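Construct the complete structure from the given sequences, taking the supplied hints into account.
Next come the chains, spelled out residue by residue.
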Amino acid sequence: MNHKLLAAGLFTLATLTSAQAQSTLTFYGIADLALRNVNNQGVGSLQSEVSGSASTSRVGLRGSQVLPDGLSAGFNFEHGLAADSGTEASATKFWDRRAVVMVASKTLGELRLGRDFVPTYTVWTRYDPFSYVGVARSADFFTATPAGPIKSAFAANDNTTVRADNTVQYLMPALGGVEGGLLFAPGEGNDATAGRAKVAGLRLGYAAPGLHVSAATQSSQNSLTTVGKFKDVALGASVDVGPVRLSGAWRQLKYDQSKQTNLMIAALGTFGKHQVKASMVKANMSGQVGATSIEADDASKFGVGYVFNLSKEASMYASLARISNDGAAKFSIPGGRAGLVAGGTSTGYEAGITYRF
Amino acid sequence: MNHKLLAAGLFTLATLTSAQAQSTLTFYGIADLALRNVNNQGVGSLQSEVSGSASTSRVGLRGSQVLPDGLSAGFNFEHGLAADSGTEASATKFWDRRAVVMVASKTLGELRLGRDFVPTYTVWTRYDPFSYVGVARSADFFTATPAGPIKSAFAANDNTTVRADNTVQYLMPALGGVEGGLLFAPGEGNDATAGRAKVAGLRLGYAAPGLHVSAATQSSQNSLTTVGKFKDVALGASVDVGPVRLSGAWRQLKYDQSKQTNLMIAALGTFGKHQVKASMVKANMSGQVGATSIEADDASKFGVGYVFNLSKEASMYASLARISNDGAAKFSIPGGRAGLVAGGTSTGYEAGITYRF
Amino acid sequence: MNHKLLAAGLFTLATLTSAQAQSTLTFYGIADLALRNVNNQGVGSLQSEVSGSASTSRVGLRGSQVLPDGLSAGFNFEHGLAADSGTEASATKFWDRRAVVMVASKTLGELRLGRDFVPTYTVWTRYDPFSYVGVARSADFFTATPAGPIKSAFAANDNTTVRADNTVQYLMPALGGVEGGLLFAPGEGNDATAGRAKVAGLRLGYAAPGLHVSAATQSSQNSLTTVGKFKDVALGASVDVGPVRLSGAWRQLKYDQSKQTNLMIAALGTFGKHQVKASMVKANMSGQVGATSIEADDASKFGVGYVFNLSKEASMYASLARISNDGAAKFSIPGGRAGLVAGGTSTGYEAGITYRF
Numbered sequence: 065m066n067h068k069l070l071a072a073g074l075f076t077l078a079t080l081t082s083a084q085a086q087s088t089l090t091f092y093g094i095a096d097l098a099l100r101n102v103n104n105q106g107v108g109s110l111q112s113e114v115s116g117s118a119s120t121s122r123v124g125l126r127g128s129q130v131l132p133d134g135l136s137a138g139f140n141f142e143h144g145l146a147a148d149s150g151t152e153a154s155a156t157k158f159w160d161r162r163a164v165v166m167v168a169s170k171t172l173g174e175l176r177l178g179r180d181f182v183p184t185y186t187v188w189t190r191y192d193p194f195s196y197v198g199v200a201r202s203a204d205f206f207t208a209t210p211a212g213p214i215k216s217a218f219a220a221n222d223n224t225t226v227r228a229d230n231t232v233q234y235l236m237p238a239l240g241g242v243e244g245g246l247l248f249a250p251g252e253g254n255d256a257t258a259g260r261a262k263v264a265g266l267r268l269g270y271a272a273p274g275l276h277v278s279a280a281t282q283s284s285q286n287s288l289t290t291v292g293k294f295k296d297v298a299l300g301a302s303v304d305v306g307p308v309r310l311s312g313a314w315r316q317l318k319y320d321q322s323k324q325t326n327l328m329i330a331a332l333g334t335f336g337k338h339q340v341k342a343s344m345v346k347a348n349m350s351g352q353v354g355a356t357s358i359e360a361d362d363a364s365k366f367g368v369g370y371v372f373n374l375s376k377e378a379s380m381y382a383s384l385a386r387i388s389n390d391g392a393a394k395f396s397i398p399g400g401r402a403g404l405v406a407g408g409t410s411t412g413y414e415a416g417i418t419y420r421f
Numbered sequence: 065m066n067h068k069l070l071a072a073g074l075f076t077l078a079t080l081t082s083a084q085a086q087s088t089l090t091f092y093g094i095a096d097l098a099l100r101n102v103n104n105q106g107v108g109s110l111q112s113e114v115s116g117s118a119s120t121s122r123v124g125l126r127g128s129q130v131l132p133d134g135l136s137a138g139f140n141f142e143h144g145l146a147a148d149s150g151t152e153a154s155a156t157k158f159w160d161r162r163a164v165v166m167v168a169s170k171t172l173g174e175l176r177l178g179r180d181f182v183p184t185y186t187v188w189t190r191y192d193p194f195s196y197v198g199v200a201r202s203a204d205f206f207t208a209t210p211a212g213p214i215k216s217a218f219a220a221n222d223n224t225t226v227r228a229d230n231t232v233q234y235l236m237p238a239l240g241g242v243e244g245g246l247l248f249a250p251g252e253g254n255d256a257t258a259g260r261a262k263v264a265g266l267r268l269g270y271a272a273p274g275l276h277v278s279a280a281t282q283s284s285q286n287s288l289t290t291v292g293k294f295k296d297v298a299l300g301a302s303v304d305v306g307p308v309r310l311s312g313a314w315r316q317l318k319y320d321q322s323k324q325t326n327l328m329i330a331a332l333g334t335f336g337k338h339q340v341k342a343s344m345v346k347a348n349m350s351g352q353v354g355a356t357s358i359e360a361d362d363a364s365k366f367g368v369g370y371v372f373n374l375s376k377e378a379s380m381y382a383s384l385a386r387i388s389n390d391g392a393a394k395f396s397i398p399g400g401r402a403g404l405v406a407g408g409t410s411t412g413y414e415a416g417i418t419y420r421f
Numbered sequence: 065m066n067h068k069l070l071a072a073g074l075f076t077l078a079t080l081t082s083a084q085a086q087s088t089l090t091f092y093g094i095a096d097l098a099l100r101n102v103n104n105q106g107v108g109s110l111q112s113e114v115s116g117s118a119s120t121s122r123v124g125l126r127g128s129q130v131l132p133d134g135l136s137a138g139f140n141f142e143h144g145l146a147a148d149s150g151t152e153a154s155a156t157k158f159w160d161r162r163a164v165v166m167v168a169s170k171t172l173g174e175l176r177l178g179r180d181f182v183p184t185y186t187v188w189t190r191y192d193p194f195s196y197v198g199v200a201r202s203a204d205f206f207t208a209t210p211a212g213p214i215k216s217a218f219a220a221n222d223n224t225t226v227r228a229d230n231t232v233q234y235l236m237p238a239l240g241g242v243e244g245g246l247l248f249a250p251g252e253g254n255d256a257t258a259g260r261a262k263v264a265g266l267r268l269g270y271a272a273p274g275l276h277v278s279a280a281t282q283s284s285q286n287s288l289t290t291v292g293k294f295k296d297v298a299l300g301a302s303v304d305v306g307p308v309r310l311s312g313a314w315r316q317l318k319y320d321q322s323k324q325t326n327l328m329i330a331a332l333g334t335f336g337k338h339q340v341k342a343s344m345v346k347a348n349m350s351g352q353v354g355a356t357s358i359e360a361d362d363a364s365k366f367g368v369g370y371v372f373n374l375s376k377e378a379s380m381y382a383s384l385a386r387i388s389n390d391g392a393a394k395f396s397i398p399g400g401r402a403g404l405v406a407g408g409t410s411t412g413y414e415a416g417i418t419y420r421f
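If you read the protein sequences in the order shown, they are chains A, B and C. If you use my numbering, the first sequence corresponds to residues 65 to 421, in order. If you use my numbering, the second sequence corresponds to residues 65 to 421, in order. If you use my numbering, the third sequence corresponds to residues 65 to 421, in order.
Wrong hints could be hidden among the right ones.
Put simply, identical chains are the same to the list, so a pair is met inside one copy or across any two.
Once the Cα atoms are required to be at most 25 angstroms apart in a straight line, the calculated BS3-like pairs of lysine-lysine come out as [unchecked claim]:
#	residue 1	residue 2
1	Lys170	Lys337
2	Lys170	Lys376
3	Lys215	Lys170
4	Lys337	Lys376
5	Lys346	Lys376
6	Lys346	Lys323
7	Lys323	Lys295
8	Lys170	Lys293
9	Lys376	Lys394
10	Lys323	Lys394
11	Lys295	Lys346
12	Lys394	Lys295
Keep in mind the hints are simulated off the structure, nothing from the lab. On a predicted model such as this, the values are computed, not experimentally measured, just so you know.
Below, the structure is given as structure tokens:
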């Protein structure tokens, strides 16, 4: 059994060796639940129990096989759930987080097919110490609720700011610290209501001890993006200063005459079993949707968090965050009462438990 | 590998030991199918294949980790299915049976979050030898079909007589034979159609060799319980007389001007590989719903069963039961034809196979 | 651990031995994704990513226990998924592929309950080298789209040409090379919209080295089959000529005044890591639906395929197929644009990756 996997708290079902091939099948997941309070300006507070505030609750299956001549093959199916109610994270996609199969060569790189993360999401979330989840998540600025590029391009249908169906990816082999990949998804008719979009993307990164930089760009088309493509560009970097990782990321979304520019500055300090996190995120809306200007509809968010790691598998945490809206913006922390006033603040705090298996 | 788990027929994926923590991940489940005949007075018989007549068909994942200083952490996700058709037991909640994460101390007790059983259900079912399932199940009296407290408080939405979402529980540490716990769930806006209810409950029990007593009380509020809380109280006891466990339980449900009082007297005899079961359950409706009295709408049920245990994992069984209704009551055994006459009888028998993994 | 299972790439969680019983629990599955192009006459080409073109993407759980006196017990739950989007193969039946529990005796045979394949499907697909999936699948002729016996008997509801809910099966013990079984499913009220049908079927086969023959017949009734039963009969045989398996099958579906007769001739050659496949399938419609004759609405399909087995678990493949329609027939390869002209051709090709775990 692979000792590194044990240290990571993953359970490897079996490692089989034959003359031809060595296979591994790993079962893994996360159970994460927290109690949250959200106060939305104008409507007051609401308490709730929420799933996945430190890391999305999930169950996954991952397998791979080492083949001769530096080749390998494998797959990954990953299901997300809302552990507060036992509900699937997606009503229609049980394996909403990932469903991929791949073949790879050590020298030529990897070919991967299936539902997977898009390049810009991968870049952006690498530099978010809150992993895009919880009260302090940067995800609150990537919703289709406000008038802007996401809503204009996708309406209430699946958008491609996180994942895409039907992807074909080429990932380059490890080359010094350089890594990168190409992603393409056929539109399959570009039926937005079925969540189908034609996607093309590119990602490049460089890692050295204590340093990480990466960038990505992608475009999406569906039956709604009739006046051009939805464009998504992301850049980010992190640097380790002693026990503290400082990070920053920039991401811009564009569609038609609307644009959303996001900036994140964050820090993650690890002191033995203790971790402290802080992030500041800004969303700057510009341009217009139809005849309506969205220039004034900006927002910023500040979040802090603390994690106590009981072990590598079990932890307890608490976080606190506030969104400040301008103009007609109504960005809010999930779990609050409906009716936040335009330009108001949304404040949330929570405490919870994470168990990784 | 833990020998006790083996004996129970559970499969433990791996037991990992490090200087810091020892973890276990267990995969388990039940496949249970039976053939059933139900005769509803006035409409005749219908044959069907049914899932979970001796124990609900399910697939579960359970993990825990022993931490230093008497601490531990863990989780449990459990999915129910109808194995006759391959359908999920709940159309919206894949992990309908349980989704919890916990941290515990040997001296201070356990903190548990997530979807779980409510205290009154835990008390009541402990004393039901049919485990709340099958033709002889006591569950038939806890449906929202007849006019009474359950239907008045929850209509066709999720009710809290079995499980609740969003729970926070404190479970006391083992203290002699005394065990107990508190449960609370925030209402999250109390939207009944979304299955959200504010729940508060308490359970206490005492176990000694050959003896078990317990009691629980809880109240629920949602957007429909506008004239007060839905109240649920349960008491029960069992005593072992040689190879026979005699048990009895009492449970009362109240909402607005309606009340339902349930009484169960049961016996479970274990003779080597053979088990015999019998139970008598009565539901006494009283008060009124709106202007309509439900005083006369009572019912009683008698059930007997036999189980042949091929092993600890595999068994075959047969059961027989009859519900006798009074007044306007139409309680019925599931799987029959629609149209049972008011005050009529519903008779069912079945035979099936259980496999535990 | 069972060496045969290892060779098949299956992962057995644990094999437990006690004085009483030996149990096995196996976790298995397939991840299969391909890129496809389909050209439908009159509407042109469409590219897509598709799941399960060489073998349906799935996750399964299988367990069994050896009991004393030649007895055994076991279960199988199997879930199908569309790995291109992470979606369940069936919107309502998570375990759509199989959900069964069984007890068996070496001398008396097996009793099996649950959702399972019907006998005629088992016979037909044994002789299809494309396993009823992918661009070259024979399944395209067993849809409810065209006017004919399937649509007449089941409309858009679940049909019984592949699987049935609620089955009770008796499978005879191994007897020389002879195998066979009986299947029955209660109608449970025969509600077609709920997918319930009363089914009765029979299967018999004989296997010798290099030779296989089998036959099956079944009938189905639901609330729509008011003018008689839906009848399904299948025959097939295969013979090995050196490294090539030649196979043929015949299957006839009848309902009311409509009849569909299907014929398949196929070859599968295995040359070390390389496999080549070819099949020719014909669907001959006859009789009438209401007052409309369907005599001219025939179709034929030709498919070829190549598989490169990287190992027993991982493979890459490419296939090519064409359907030629006559009369009003519009049979098509899935994944194309809507609007194929009546009597037109549908041409598809694809290349993909399969990983078995």
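> Looking back at the numbered hints, which does the structure fail to meet, lowest number first?
Replying inline: 3, 5, 8, 9
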